[in-house]
Amino acid sequence: MFKLEKKETIDQSSFYTVPLIAIGCSLIFVFILFLLIGKNPVLAIFIIFIEPLLSIFGLSELVVKATPLIIIALGLSIGFRAGVWNIGAEGQFTIGALFGGATILAFYPTSGIWILPLSFFIAIIGGVLWAMIPAFLKARFNTNEILVSLMLTYVAILFLSGMVYGPLKNPDGFNFPESRLFHDSGTLPIIFPGTRAHIGFLMALLLAGLMYYLLKRHKFGFHVKVSGESSRALVFSGKSTNYMVYLSFIISGAFAGLAGVIEVSGPVGQLVPAIPVGYGFTAIIVAFLGRLNPLGICFAGLLLALTYIGGEAAQIRLGLPNAITGVFQGVLLFSLLAAEAFTNYKVSLKKMRGNF
Amino acid sequence: MQNILEIDGISKSFSDIQANNDISLYLRQGQIHALLGENGAGKSTLVKIIYGIIKPDHGSMILNGKLYDPNTPEVARNEGIGMVFQHFSLFESLSVLDNIILGQKGNQKKDSILERLDDLQKDYDLQIDVNKIVATLSAGEKQKVEIIRCMLQDPKIMILDEPTSVLNPSEVEKLFNFLRKLSKQGMAVLYISHKLHEIKELCDTSTILRNGNVVKSCDTADVTINELAQLMVGRAIDNKIKLSEPKQERVLDIKNISYTNPDIFGTSLKEIKFNVNFGEIFGIGGISGNGQTELMKVLSGEVGLNDGNQILYHNEDISSLDINERRQREIVFVPEDRLGHSAVSSLSLSENLLLTNLWDHNFFSNGVIDTNYTDEKTSEVIEKFNVQCNASGSLASSLSGGNLQKFVVGREIIKMPKLVVCEQPTWGVDVGSASLIHNYLIEISNSGSTILIISQDMDELRSICHRIAIISNGVISKPYDAKRITPADIAIEMAK
Amino acid sequence: MDLFIAIFQGIIIASTPLVLAAVGELVVEKSGVLNLGVEGMMIIGAVTSFIVTYETGSHFLGLIAAVISAGLVASLFGLLTQYLLSNQVATGLALTLFGLGLASLIGQTYSGISLDTFPVFDVYLLTEIPIIGSLLFNFDYLIYLSIIIVVSVYYFLNKTKLGLVLIAIGDSHDSAHSLGYSVKMVRLFAIIFGGSCAGLGGAYLSLVQTPMWVENMTAGRGWIALAIVVFAVWRPLWILVGAYIFGVLQLYNCTYRLLV
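If you're matching them up, the sequences are chains B, V and L in order. Here my numbering is used: the first residue of the first sequence is 187, the next is one more, and so on. Here my numbering is used: the first residue of the second sequence is 340, the next is one more, and so on. Here my numbering is used: the first residue of the third sequence is 23, the next is one more, and so on.
For the record, the hints were derived by calculation from the structure and aren't laboratory data. Any given hint could be a false lead.
As the list claims (entries may be wrong) - Below 30 Å or equal to it, Euclidean Cα-Cα: the simulated DSS-like pairs (lysine-lysine) are:
{"hint": "1", "chain 1": "L", "residue 1": "206", "chain 2": "V", "residue 2": "444"}
{"hint": "2", "chain 1": "L", "residue 1": "183", "chain 2": "V", "residue 2": "448"}
{"hint": "3", "chain 1": "B", "residue 1": "405", "chain 2": "V", "residue 2": "555"}
{"hint": "4", "chain 1": "L", "residue 1": "183", "chain 2": "V", "residue 2": "387"}
{"hint": "5", "chain 1": "V", "residue 1": "405", "chain 2": "V", "residue 2": "523"}
{"hint": "6", "chain 1": "V", "residue 1": "723", "chain 2": "B", "residue 2": "402"}
{"hint": "7", "chain 1": "V", "residue 1": "539", "chain 2": "L", "residue 2": "181"}
{"hint": "8", "chain 1": "V", "residue 1": "471", "chain 2": "L", "residue 2": "181"}
{"hint": "9", "chain 1": "V", "residue 1": "539", "chain 2": "V", "residue 2": "481"}
{"hint": "10", "chain 1": "B", "residue 1": "402", "chain 2": "V", "residue 2": "754"}
{"hint": "11", "chain 1": "V", "residue 1": "723", "chain 2": "L", "residue 2": "206"}
{"hint": "12", "chain 1": "L", "residue 1": "206", "chain 2": "V", "residue 2": "394"}
{"hint": "13", "chain 1": "V", "residue 1": "481", "chain 2": "L", "residue 2": "183"}
{"hint": "14", "chain 1": "V", "residue 1": "495", "chain 2": "V", "residue 2": "523"}
{"hint": "15", "chain 1": "V", "residue 1": "754", "chain 2": "B", "residue 2": "405"}
{"hint": "16", "chain 1": "V", "residue 1": "471", "chain 2": "V", "residue 2": "481"}
{"hint": "17", "chain 1": "V", "residue 1": "835", "chain 2": "V", "residue 2": "555"}
{"hint": "18", "chain 1": "V", "residue 1": "754", "chain 2": "B", "residue 2": "411"}
{"hint": "19", "chain 1": "V", "residue 1": "586", "chain 2": "V", "residue 2": "495"}
{"hint": "20", "chain 1": "V", "residue 1": "461", "chain 2": "V", "residue 2": "513"}
{"hint": "21", "chain 1": "V", "residue 1": "461", "chain 2": "L", "residue 2": "183"}
{"hint": "22", "chain 1": "L", "residue 1": "206", "chain 2": "V", "residue 2": "448"}
{"hint": "23", "chain 1": "V", "residue 1": "757", "chain 2": "L", "residue 2": "206"}
{"hint": "24", "chain 1": "V", "residue 1": "513", "chain 2": "V", "residue 2": "394"}
{"hint": "25", "chain 1": "V", "residue 1": "520", "chain 2": "V", "residue 2": "481"}
{"hint": "26", "chain 1": "B", "residue 1": "405", "chain 2": "V", "residue 2": "723"}
{"hint": "27", "chain 1": "V", "residue 1": "405", "chain 2": "V", "residue 2": "444"}
{"hint": "28", "chain 1": "L", "residue 1": "181", "chain 2": "V", "residue 2": "461"}
{"hint": "29", "chain 1": "L", "residue 1": "181", "chain 2": "V", "residue 2": "555"}
{"hint": "30", "chain 1": "V", "residue 1": "586", "chain 2": "B", "residue 2": "411"}
{"hint": "31", "chain 1": "V", "residue 1": "448", "chain 2": "V", "residue 2": "471"}
{"hint": "32", "chain 1": "V", "residue 1": "835", "chain 2": "V", "residue 2": "612"}
{"hint": "33", "chain 1": "L", "residue 1": "181", "chain 2": "V", "residue 2": "444"}
Stated by the list, open to error - A few chain V residues that face chain B, going by a derived Cβ cut-off under 7 Å, partial list only:
{"hint": "34", "residue": "683"}
{"hint": "35", "residue": "694"}
{"hint": "36", "residue": "773"}
Since the model is a prediction, treat every value here as computed from it, not as a measurement. C-beta: ideal position from N, C-alpha, C; glycine also.
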């Protein structure tokens with residue numbers, strides 16, 4: 187009978203080897219999948235994983251897609267380290283987009299450099315408020331934050347829909363369910379002319395650097411570290427577990443909300459019901475793939491963004507459905523989880539010793 | 340009456356600890372046999388061997404005249420051994436009846452179980468409302484469910500592990516009546532406990548374990564409580580360093596701490612009152628599980644007190660201060676568990692140093708950790724307290740128990756604190772490190788620190804304390820002079 | 023009257039996939055496991071049943087395919103979480119993503135094709151009863167099966183020893199383990215059962231509700247099923263209530279969109 191025993195010490199190299207093994211396994215799987223559906227696997231892999239990196243446009247699109255993933259994942263990683271599961275980032279993202287977008291629309295057609303920062307601020311508040319609901323319920327009533335935050339996502343999406351069909355609808359828009367396009371002061375500046383790459387990416391990198399520094403050198407990072415290892419030690423050091431719950435949700439709610447307003451004031455440029463496209467869920471994969479580490483998250487975010495871009499390219503060039511992206515992401519996460527199990531635990535053959 | 344269970348020369352060791360060393364014990368039908376000893380004496384190991392949870396290294400057992408070598412608890416149960424553990428395996432959200440059904444093998448009809456429950460009730464007065472949800476039961480009632488589960492298997496031997504730790508006096512009486520009825524009908528009872536008073540009242544035979552060995556096995560009627568205590572607890576050890584006389588100035592004044600523990604397996608504190616003087620080493624002794632952990636949590640601030648004015652420190656009421664606010668007043672804490680409480684095994688020694696210094700601005704500038712300062716301080720601790728390790732960056736998990744404990748204690752006393760509150764400071768520590776830790780404590784006490792030490796090691800307390808009080812069932816005794824306390828005093832206080 | 027009957031039937035048809043997915047997940051959660059991969063398992067059931075039915079002409083074989091394929095995917099989740107001790111949340115999400123993607127991939131060539139309508143029950147005498155007849159007896163057999171499954175789950179959990187064991191494992195897996203019960207095995211079976219039910223729910227979508235395969239046709243029903251389980255406070259009979267309420271909402275949503 188197999189038995190898994192936790193290893194005494196986890197060697198540091200597993201930090202790199204686990205994601206690499208996972209990526210390797212996923213590539214093999216996808217290679218075989220392409221063969222099975224009759225497409226040239228080498229070509230497919232080239233188009234999906236290599237080609238986007240070969241053009242400025244490809245790289246810029248990569249950056250656009252990676253931005254929300256990285257930002258949300260950075261926020262989630264704090265909670266995940268501490269064992270607090272915010273699965274509702276998609277909802278907080280949506281509320282952030284809504285609040286931020288509504289702020290921008292409120293000041294149409296005034297121009298001013300303060301509009302964007304203000305809308306960011308409002309969006310962050312929105313994300314935090316939305317995240318406070320599962321946090322409060324968990325701290326006070328010990329409810330399962332997974333289910334609460336998840337269900338609130340649905341509510342947020344409906345809320346957005348309602349607002350866009352209603353009060354926020356573009357009066358000059360032929361009754362389509364979409365808001366006015368954001369004016370210049372409500373649009374993020376582009377960093378590479380001719381592309382869609384906006385400063386949101388720089389913000390994401392900045393946040394990652396900040397997060398890295400805080401986690402490594404600041405008291406806050408120390409609390410997070412201790413909390414993830416032992417809640418009794420956390421209390422002994424002077425903080426309560428509820429403190430961690432609130433802190434985790436505030437941060438992930440804020441980051442998700444920020445990602446939301448960046449997305450609408452950047453690539454989307456308006457409010458539509460289809461703002462939420464799953465970044466809040468994909469960011470969970472990014473966080474895990476990046477081993478909950480800010481630098482790792484940046485790489486993981488770029489990798490997963492690559493699968494989106496490449497997937498779109500594959501759709502156009504090879505007639506592959508967009509779904510291949512989802513398959514790859516799913517397999518990647520599966521492989522990661524399996525690889526992690528094998529590096530953290532020793533598989534040993536033990537005689538069945540009864541059920542104690 | 341013949342022997343129903345013979346245990347011959349059982350030995351078992353874990354890594355380098357000899358948990359059981361050549362233990363022999365004979366259990367007769369109809370006998371209520373006490374198994375006595377402090378924590379760590381080897382009682383649980385022996386019982387786990389009897390119940391088939393662990394295999395012994397050497398020795399053998401004979402049950403009903405046949406060789407008995409169980410691989411699993413199921414085998415033990417089939418052979419007629421029933422066990423009531425200290426911690427129950429119950430399902431809180433289900434009814435008593437469902438819990439009983441789940442404790443039985445196979446698909447027995449509900450009606451037949453109800454019928455047998457009826458019989459048990461008649462014969463042994465085991466009354467319980469089977470439709471009640473287990474979460475609503477008292478500890479005593481929950482134990483009854485476990486006993487019923489056992490009884491339905493028709494055991495010939497019943498083992499009970501510290502059964503009265505969760506019972507009130509009238510429940511204890513009922514349990515004793517039940518056990519006496521069992522014994523009259525020929526059932527052998529193995530009763531694990533450290534409550535000498537109860538053992539004298541209930542058990543006809545006693546086997547005393549100490550450090551894995553059988554110290555004595557005799558008829559309970561032939562020994563006094565004092566003698567039992569002495570056998571269990573051991574003899575005094577000479578002092579190492581001379582203790583200096585404490586001043587008459589009060590440092591810590593515990594007025595009246597009462598704390599109701601939300602966990603039924605925990606102990607509640609009842610009107611704890613004592614005070615500690617400047618430069619004194621004050622010990623609180625007693626078998627663990629009598630309120631020590633709760634007292635530690637209350638003193639450190641991890642558990643808050645509702646009323647104020649219960650803990651006075653240099654005449655300041657610190658009852659509502661949190662742990663870091665207490666640390667700011669130069670009070671330090673060393674709790675019992677060094678894995679996961681006072682230290683985190685996967686963090687480095689430097690990081691573990693920070694754990695109790697988060698209130699100290701010297702370690703931070705604007706919240707950013709000053710790693711140089713931290714490493715410096717860590718190296719100081721390592722050097723001064725002889726911690727064998729590679730560097731300040733070593734993970735806590737790479738240190739041996741003794742070295743980690745030296746670090747954990749050293750981390751606190753290097754600050755020359757005014758008050759040290761520690762719990763089991765040398766538990767699981769090798770003799771050399773334990774000795775060093777004792778000397779460190781005595782040294783700082785001589786330089787003016789006050790120390791409160793909670794320990795179940797009476798030898799330790801008698802060798803380094805000025806005064807000792809005993810805590811039992813959440814109640815603290817009057818303080819005794821450490822040089823004059825006798826095993827009899829200890830036994831009497833522990834039996835309360 | 024005809025309109026009323028049509029609406030009633032519409033509600034039942036809209037709710038049935040939810041009933042199936044939710045009752046399966048209820049059993050899983052009762053055993054102490056949270057499987058966030060319901061959406062993925064549903065869509066796998068939807069696509070495999072469609073393909074098999076289209077290729078073989080048999081609805082029944084399609085249903086079998088759904089049960090087996092979704093069950094297989096669920097067992098992957100079970101193996102990872104129970105035996106490799108991987109994180110339940112992440113594994114469930116991976117399952118959803120993977121399922122959605124894989125389904126789209128293999129369903130690609132079948133997009134937009136329509137099938138024969140699913141056979142509707144036609145018990146000769148019973149359907150003749152005015153009103154009640156068309157109300158209660160004019161459904162396809164999957165609807166009756168879904169109700170049978172719900173009642174069976176109710177019976178299983180409340181009246182059998184194995185059901186009691188499953189609930190006990192969900193209550194305290196430590197206590198169950200010390201009493202000698204095989205926690206992992208029971209949970210694995212619960213997970214596979216949950217997956218198969220979700221697969222059936224998905225099959226209902228592609229074979230009965232809109233006898234067609236469309237990418238992402240589950241449209242979040244898996245997540246709604248998770249919510250229904252909570253709404254029903256983990257009681258099987260209340261699953262029906264919750265599912266029918268959401269069924270009404272879904273129907274309303276669809277009609278509203280059509281009318282507006």
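Those earlier numbered hints the structure runs against, lowest number first: Failing hints, ascending: 3, 7, 11, 19, 23, 24, 29, 30, 36.
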